[in-house]
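There are 2 protein chains.
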Amino acid sequence: MATESWKERAQAKREAILALIPEEWRIKNPPIEKQVDVTGKYIQQYLTEREVEITETTADEIVKHTVTGRWSAEDVAKAFCHRAALAHQLVHCLHEIFFDAAIADAKALDEYYAKHKKPVGPLHGLPVSLKDQFHVKDVETTMGYVGWIGTFEGKIGTGKEKVFESEMVRELRNSGAVLYCKTSVPHTLMIGETVNNIIGLTHNPKNRSLSSGGSSGGEGALIGLRGSPVGFGTDIGGSIRIPAAFNGLYGIRPSVGRMPYEGMANSMDGQNSILSVVGPLATSVPSLRLVMKAILAQKPWLHDPLVHELPWRYEQEREILEITGAIGDASKVGKLAFGVLKTDGVVNPTPPIRRAIDIVVKAMKDLGHEIIEWTPPSHRHLHDEGLKSWVFDAGTDIKGAFSLSGEPYAKQIEFYKQLDKEFIGSEIAATNVKMRQLKKEYLDYWVSTEKSTSTGRPVDAIIAPLAPFPASRFTMYYYYGYSTWVNMLDYTSVVVPVTNVDKAIDKADADYKPVDDRDKNVYESYDPEIYDGAHVSLQLVGRRLQEEQMLAIAEYVGRSIGK
Amino acid sequence: MATESWKERAQAKREAILALIPEEWRIKNPPIEKQVDVTGKYIQQYLTEREVEITETTADEIVKHTVTGRWSAEDVAKAFCHRAALAHQLVHCLHEIFFDAAIADAKALDEYYAKHKKPVGPLHGLPVSLKDQFHVKDVETTMGYVGWIGTFEGKIGTGKEKVFESEMVRELRNSGAVLYCKTSVPHTLMIGETVNNIIGLTHNPKNRSLSSGGSSGGEGALIGLRGSPVGFGTDIGGSIRIPAAFNGLYGIRPSVGRMPYEGMANSMDGQNSILSVVGPLATSVPSLRLVMKAILAQKPWLHDPLVHELPWRYEQEREILEITGAIGDASKVGKLAFGVLKTDGVVNPTPPIRRAIDIVVKAMKDLGHEIIEWTPPSHRHLHDEGLKSWVFDAGTDIKGAFSLSGEPYAKQIEFYKQLDKEFIGSEIAATNVKMRQLKKEYLDYWVSTEKSTSTGRPVDAIIAPLAPFPASRFTMYYYYGYSTWVNMLDYTSVVVPVTNVDKAIDKADADYKPVDDRDKNVYESYDPEIYDGAHVSLQLVGRRLQEEQMLAIAEYVGRSIGK
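Note that the protein sequences, when read in sequence, are chains A and B.
Sequential numbering of the first sequence, starting at 225, is according to this note's numbering.
Sequential numbering of the second sequence, starting at 225, is according to this note's numbering.
Just so you know, not all the hints are guaranteed correct.
Identical copies look the same in the list; a pair holds intra-copy or inter-copy alike.
[Unchecked claim] Cut-off 20 Å, straight-line C-alpha distance, at most; resulting in silico cross-link-like pairs (SDA-like, lysine to any residue):
1) K523 <-> L534
2) K787 <-> G293
3) K675 <-> Q642
4) K664 <-> G487
5) K288 <-> P246
6) K623 <-> I648
7) K288 <-> K386
8) K731 <-> D493
9) K658 <-> H527
10) K658 <-> I648
11) K731 <-> I648
12) K384 <-> V657
13) K379 <-> R233
14) K523 <-> Q661
15) K737 <-> E594
16) K384 <-> G374
17) K523 <-> E539
18) K664 <-> V480
Hints were generated in silico from the structure; no laboratory data involved.
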């Protein structure tokens with residue numbers, strides 16, 4: 225083992241993953257240039273009609289069938305295992321496969337149902353995919369590091385290897401979920417694309433010449449191909465929202481303390497200034513709500529010391545439903561007020577993103593809602609200050625993980641190699657003070673919009689780009705500022721799919737004058753020919769801990785634009 | 225100014241404070257040995273009957289009179305200004321006096337009431353004292369540092385000097401509170417006693433040979449003398465609870481994110497691993513509840529980015545009221561389950577503390593409640609790990625504050641001088657990980673007590689010492705572990721006064737075998753002759769963010785033991 229090269233270890237692991245796909249589910253992967261888009265009809269060709277029906281049903285609809293016994297958990301599990309197996313072969317989105325365990329669990333759920341005439345919990349028989357930071361018994365967690373193969377987070381002899389499970393895994397099982405695979409991540413987790421030396425690149429299924437995003441890029445690709453109805457990712461700088469946006473999905477970045485992170489693997493664990501959070505990605509808002517409610521029903525605050533005792537707040541949700549006329553009497557129907565961020569002034573969004581903003585703004589205006597220009601305190605400062613927290617340790621944690629195997633760094637995170645000076649206590653404290661001041665300024669601005677709206681309330685949500693481009697081209701993710709400001713402020717954000725690139729409409733601006741080199745790079749990375757068909761998404765941002773409200777708004781906006 | 229010595233500057237400030245006390249309120253301060261206890265009849269001799277009536281009314285009762293116009297805000301303000309002036313002369317508890325502004329504000333409140341026939345808010349006309357970390361317009365914030373005199377947090381030319389107000393000050397004013405003084409703290413805030421080079425020592429009014437505690441020691445002494453009905457302190461290692469306990473008061477340490485700390489001065493600002501929190505001290509639980517509800521009614525989460533959007537939760541409170549039969553029908557009456565921590569195994573509590581535990585345990589048992597022995601994971605580890613966070617910067621912040629004037633360090637914090645190596649990013653991260661693991665272990669233990677109780681719930685609260693002694697003797701605060709574990713875990717804790725030292729009962733254990741030198745020091749510091757009459761208090765500890773529940777339990781326990 226010690227004499228094995230990292231290449232051999234990576235290859236063995238890569239082949240071991242593939243070997244877990246049954247022969248009858250093996251397919252040939254066509255060259256990208258021959259088959260750019262592998263979603264829809266392309267992947268359906270390998271599935272039965274029944275499998276397509278099951279896998280193209282949203283999570284919230286699936287459980288309506290499974291908790292009533294109309295669909296067997298086994299059928300549902302098998303259909304998703306099959307489709308996930310196909311997805312992996314087409315876009316490389318899985319790190320761990322445990323279909324056999326899933327099918328056994330599903331059978332046990334069916335037996336439970338047959339015996340007790342009731343479901344185990346609200347997720348009875350629902351397949352849920354997990355980013356490869358969750359520990360699940362009987363399989364590894366590599367997080368894309370070759371050096372983590374055969375270890376527990378890089379360590380051997382901990383007694384936790386293939387035994388320990390993350391807190392949320394326990395809660396998902398308690399709720400009746402069926403776990404069947406873990407999805408790919410970029411090594412370090414600090415890239416908005418998904419690349420590592422074990423599975424290579426994870427491609428965007430809608431357009432395989434583009435990235436599926438990252439760091440929850442395997443989730444994005446898998447759910448984008450309907451190989452999972454709902455899955456959990458994590459987000460420290462955009463890592464749930466980027467793959468959601470790039471794959472035409474809904475995804476929520478909850479605020480810190482809402483969902484249990486306890487017992488998960490992580491990068492730079494213990495960096496406390498900007499915390500990574502865990503949250504779901506899915507094809508519908510009700511799917512996101514379903515799994516969040518199920519987790520909260522398990523009282524995660526009794527098992528994760530960092531989770532706030534905040535059960536699902538129906539009253540927050542109800543307020544939005546009443547304003548939008550979904551429930552309640554006519555007297556309560558009113559306007560929502562949106563802020564619209566067209567640019568952060570650092571890097572300008574590319575044409576399809578600008579069009580998406582116009583679509584959402586027009587839809588909301590047409591429905592009588594209010595839109596004000598969002599002119600907040602500098603996002604540049606938020607971004608610059610936030611980035612510091614990711615280099616407090618000068619890459620010590622990351623270097624340690626790479627040194628276990630000697631494997632090379634992906635180009636995007638090679639800068640960590642150059643860092644050699646850790647921040648000291650007083651510098652970290654100064655960064656924390658500065659961050660708090662920026663949060664205060666931003667909050668003051670938000671609250672001040674009460675004067676600009678006619679609702680008597682500050683803006684309810686911000687309509688904003690999540691990235692300057694619809695998806696990134698490999699190694700061309702030049703700017704993270706559109707996602708990181710939300711992490712810096714610890715705000716709640718929900719990604720909403722809006723449209724798809726149409727090369728006939730979304731032409732490059734011939735006379736665009738870039739702000740600076742970075743902006744120029746972003747601008748030049750947009751090529752309508754390459755991007756044609758790609759998903760175009762936006763985020764709706766609420767203040768801290770407004771998950772219920774923001775999901776309700778996102779659902780309303782999504783429905784209003786026909787998504 | 226630059227040529228002035230720190231002594232001259234300190235003396236000038238000390239005299240300026242005294243000079244703000246009107247001639248007619250000046251008294252002679254008797255030598256301590258002549259008058260150990262200056263509470264009750266002693267201080268009353270300088271007050272009118274009406275002033276005694278007003279100042280010995282609890283905050284919650286005061287507002288019943290002031291919000292209905294029965295008592296004028298001016299009368300109430302003047303009575304407390306007078307008594308605070310006396311208190312300061314007897315125990316040195318004030319850093320800033322602004323009686324004139326208070327009386328003017330009170331008159332304005334009376335005019336408002338006369339005109340509108342309604343109060344400004346729920347605290348209409350209630351005097352509220354503030355620890356000298358709050359910024360209040362027109363006065364300074366020295367935090368006990370000579371070098372901060374005439375500055376804004378040690379800096380000059382910020383434009384904030386005597387203009388800027390802390391967020392909670394704004395909210396208190398909005399609620400109708402009358403602000404009139406700021407109370408003493410130990411320089412650095414990192415001592416459980418109150419001593420600095422400006423006002424010297426703050427004495428315990430019940431027993432002036434003992435400390436009033438710290439760091440909110442001025443609050444403790446002032447409220448202990450009824451010079452304030454309710455005041456706000458802060459707590460990073462016990463600083464609200466210690467003065468509350470030492471002065472026979474109720475005091476709550478809320479969890480992080482419940483009350484707004486925005487815009488307050490602090491030590492080691494930006495240290496993010498164990499955050500200081502702000503909370504009230506008062507002579508009754510309803511007083512604490514009153515001010516916390518008033519603050520929450522101001523929606524502090526819209527003005528302090530670190531406050532959670534958690535309005536007052538009546539349902540949490542109601543649950544306890546129903547179980548204890550205070551409201552609701554008989555079917556809901558039940559048992560509370562308490563854990564009792566008799567010792568943390570590191571340092572043993574002195575005899576009066578042990579007796580206080582027996583009193584509370586017996587009272588709860590007699591009322592039919594359940595008591596189980598609390599045998600948690602090591603408190604020693606909690607204490608040791610927690611202490612690290614207070615030296616992350618190797619005292620850089622503190623040294624800077626002292627260097628402004630060249631004043632000497634109090635003996636208790638001289639160790640900061642010796643520190644010369646700041647923690648680096650990866651060390652801080654490792655500490656944070658360790659803390660999270662300890663929190664998880666503790667939470668698991670707590671939840672596991674569900675199996676040991678007959679209530680179907682884990683323990684509702686822990687009955688625990690807050691310090692190993694009833695109050696500390698000056699410079700003899702040898703062990704903070706009984707308060708710091710709560711900060712380390714971010715739990716909610718309410719101090720409850722239980723009894724007073726009785727030298728005839730609370731004798732020293734002649735045959736006590738100390739655990740180690742520290743334990744020996746604590747044991748030897750207890751002298752029944754010196755301690756006779758001192759307040760003896762305990763804390764009731766709940767899990768994170770259980771403020772409503774813990775106040776209800778504390779009120780019930782206090783009432784049950786006749787407090």
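Evaluation of the provided hints:
no., hint, verdict
1, K523 <-> L534, "both (9 Å within a copy, 17 Å between copies)"
2, K787 <-> G293, "neither (29 Å within a copy, 58 Å between copies)"
3, K675 <-> Q642, "neither (48 Å within a copy, 53 Å between copies)"
4, K664 <-> G487, "between (31 Å within a copy, 10 Å between copies)"
5, K288 <-> P246, "neither (29 Å within a copy, 76 Å between copies)"
6, K623 <-> I648, "both (19 Å within a copy, 16 Å between copies)"
7, K288 <-> K386, "neither (33 Å within a copy, 62 Å between copies)"
8, K731 <-> D493, "neither (43 Å within a copy, 50 Å between copies)"
9, K658 <-> H527, "between (32 Å within a copy, 16 Å between copies)"
10, K658 <-> I648, "both (15 Å within a copy, 19 Å between copies)"
11, K731 <-> I648, "neither (48 Å within a copy, 49 Å between copies)"
12, K384 <-> V657, "between (38 Å within a copy, 17 Å between copies)"
13, K379 <-> R233, "within (16 Å within a copy, 58 Å between copies)"
14, K523 <-> Q661, "between (33 Å within a copy, 19 Å between copies)"
15, K737 <-> E594, "neither (31 Å within a copy, 74 Å between copies)"
16, K384 <-> G374, "within (11 Å within a copy, 58 Å between copies)"
17, K523 <-> E539, "both (19 Å within a copy, 16 Å between copies)"
18, K664 <-> V480, "both (17 Å within a copy, 17 Å between copies)"
Checked against the numbered hints listed earlier, the structure breaks hints 2, 3, 5, 7, 8, 11 and 15; every other hint is satisfied.
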